[in-house]
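Student: Residues per chain are reported as follows:
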Amino acid sequence: MKQLKVRQLAPQKIRIKEETRHFYNGIFIDLGELVIFSINVIKQFFRPPFEHKELIKQGFLLGNKSFALVSVTGFIMGLVLTMQMNPVLADFGAQTLLPSAISVAMVRELGPVITGLICAGKMSSGIGAEIAAMRVTEQIDAMEVSGTNPLGFVVATRVLATTVTVPLLVIFADAFSFLGAFLAVNVFEDTSSTLFIDRAFAMLGFRDLIPATIKTVFFGFFIGLIGCYRGYNAGIGTESVGSAANSAVVVASLTIFVIDLIFVLITNIL
Amino acid sequence: MKNTKKALRLGIFVAAALILFVVAVYLIGSKGNLFSPTKDVFSSFKDIRGLVVGNNVRFAGINVGTVKNIRIISDTSVVVTMSIREDYSKYIYKNSKVQIGQEGLMGGKIVLISSGTPETGVIEDNDYLAVAEGLDVQGMIAQAQTMLREATQTVSNLNSVTDKINEGDGDIARLLNGNDLTTQLGIATRKLNNSMSDVNEITRKVSSGQGDLGKLINDDAITDQLSGIMKDLHATSVKANAVVEELQQTVHAINYGEGVLPRLLHDKELGLSVDTALTRVDQGVFEVTRAAETIADSWIFRLFSKKKKDINNQSQSVTTKKQPKEFEVQPGDTIIVPVNESADPEIKRSEN
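Protein chains in written order, with my numbering: chain V, 2 to 271; chain F, 73 to 424.
No lab work stands behind these hints: they were computed from the structure.
Glycine included, every Cβ here is placed at the ideal spot set by N, Cα and C.
Any given hint could be a false lead.
Under the rule of at most 25 Å between Cα atoms (straight-line distance), these lysine-lysine pairs were calculated in the PhoX-like manner [said to hold, decoys possible]:
{"id": "1", "chain 1": "V", "residue 1": "123", "chain 2": "F", "residue 2": "78"}
{"id": "2", "chain 1": "F", "residue 1": "111", "chain 2": "V", "residue 2": "66"}
{"id": "3", "chain 1": "V", "residue 1": "54", "chain 2": "V", "residue 2": "44"}
Rough simulated footprint, nothing fancy, chain F against chain V, three-plus residues with beta-carbon under 8 Å [as the list claims (entries may be wrong)]:
{"id": "4", "region": "36-48"}
{"id": "5", "region": "198-204"}
{"id": "6", "region": "245-259"}
Simulated DEER-style distance windows between Cβ atoms [unchecked claim]:
{"id": "7", "chain 1": "V", "residue 1": "91", "chain 2": "F", "residue 2": "205", "range": "42 to 48 Å"}
{"id": "8", "chain 1": "V", "residue 1": "88", "chain 2": "F", "residue 2": "247", "range": "39 to 45 Å"}
{"id": "9", "chain 1": "V", "residue 1": "91", "chain 2": "F", "residue 2": "151", "range": "25 to 31 Å"}
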């Protein structure tokens, strides 16, 4: 009886082990392929023909269309953060530091990360699904056959568009978070906009602004790159479209946190 | 056309974001005096207490610059370079002093510049400013610790005092715990009240003019009499003054005048003359007396005498007078001594 159980469980364990090995192998394979893919995409940035019209179109679709979402999120973030921090700072008698605390928190960390996550959700999934659909419907193959480089036309334009628009969206998110914080501060006490801006920028320095901005460029690049990679390498069948969109969001979000961690470490060293 | 519209909207989006970015850069940069001319001044501190590059430099409560650089020169010297905006630098003089302060309990460090005097001139680029020692939070904590120690000691002393009071040791304890003192105080207060009532009675009598004191205080006749007495006394004293003045003049005349008395007092020759004269008078009197005795003893005179006994008595008294008599000097008598005799003659005082 016992021997029969062992015989029954053995193939299952082997199967789990194989799946685990495949999973870890798959991660490293994916990582390697992503590096190769990103090198090819970067090469396309400097290789003519430059797809200006497609770039403008993608910039509009990815940037302008995300503006409202990002602005509202930033506004709410500023509002909520102020309302949450006000009682804490009031306990220390440091309410005057509220605008500075909000500005530093938003510019250094929350603005880029929250905007990055929103863009990962909206852009990366959209790009992944769109390119996966193109792959499923063999439009990518058709481009290759017709002599159009899909990496240059489809991927490079989208990656470049996200690389440019995400930092801009972060700037808007920061600005709207300041607006939300200003309104929230005025709920507790009357503060002039001049005083609020003065206090908000009192503790801000280039050491806060520049690394955060550079960080968002990488966020944008990887959001576009991961979306394109997942869509470009989508399998055959309509279910791969959803799978590509889903995995693009997950991986892009995770990548944003990893990049954020790396940048914080670098900034602290500097 | 559709693509152009998208490009326009994208352009507006990018431009707006870039403008916001530029504004942020300007606001941060203006805080660090990036876009205005500045003057660098230095100060050497022993301890910069956590001051970092970028901290504000404040003069008269205004942020006039930032800390540009911090260099450690030796183990006791840290040179801080301060970048001060030129439009504010004209108010900072060369003898201004700097110290490191704190921007509130929660805030960071700042450099505070105190105002100097115009005689020394306005600061120039690369000038050094002297350092004034300021009190930081750690210093305040150290002072607070000292105060707390002293307060603890005071409290323990107070505890000791209150313990002693509770245990009934000392006058205050007896005052608080015992009833003897309060009883005695009660008695004393009663006596004092009685005394006060007596005093009140006395003052009432005095006020109503009863008794001598009352009359003295209330009656004007006594004061009038006293006034008259005082007037008489004054007149008497005026007369006494006149007498004294005359006496002084007389004494002066006796001492320094030219009459007989001054000479009698001060002239020895006159004294001798007087003495000689007196001696001669005395001799004359003696001679006269002897002559009178001779006459009395004569038979013619005795013939007419009634009682022999009286004559005998008289003869005895004359005999007594004949005997030599020693000088008796009374206080206030003037003694005239011949020049050839001793200057310190022996004087026999009478018993009286």
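Student: All hints, please: hold or fail.
Tutor: How the hints compare with the structure:
1. V:123 <-> F:78: holds, 19 Å
2. F:111 <-> V:66: Given pair residue 111 of chain F, residue 66 of chain V is violated - Cα atoms ~48 Å apart, limit 25 Å.
3. V:54 <-> V:44: Holds: residue 54 of chain V and residue 44 of chain V sit about 19 Å apart, inside 25 Å.
4. 36-48: violated (count 0)
5. 198-204: Coverage by chain F holds for the region 198-204 of chain V (3 residues, Cβ < 8 Å).
6. 245-259: Our answer is that it is violated, as 0 residues pass the Cβ test (under 8 Å) against chain F, missing three.
7. V:91 <-> F:205: 42 to 48 Å: The hint (42 to 48 Å, Cβ to Cβ) is violated, given that residue 91 of chain V and residue 205 of chain F are roughly 34 Å apart.
8. V:88 <-> F:247: 39 to 45 Å: violated, 54 Å
9. V:91 <-> F:151: 25 to 31 Å: At roughly 40 Å between Cβ atoms, residue 151 of chain F and residue 91 of chain V fall outside 25 to 31 Å, so the hint is violated.
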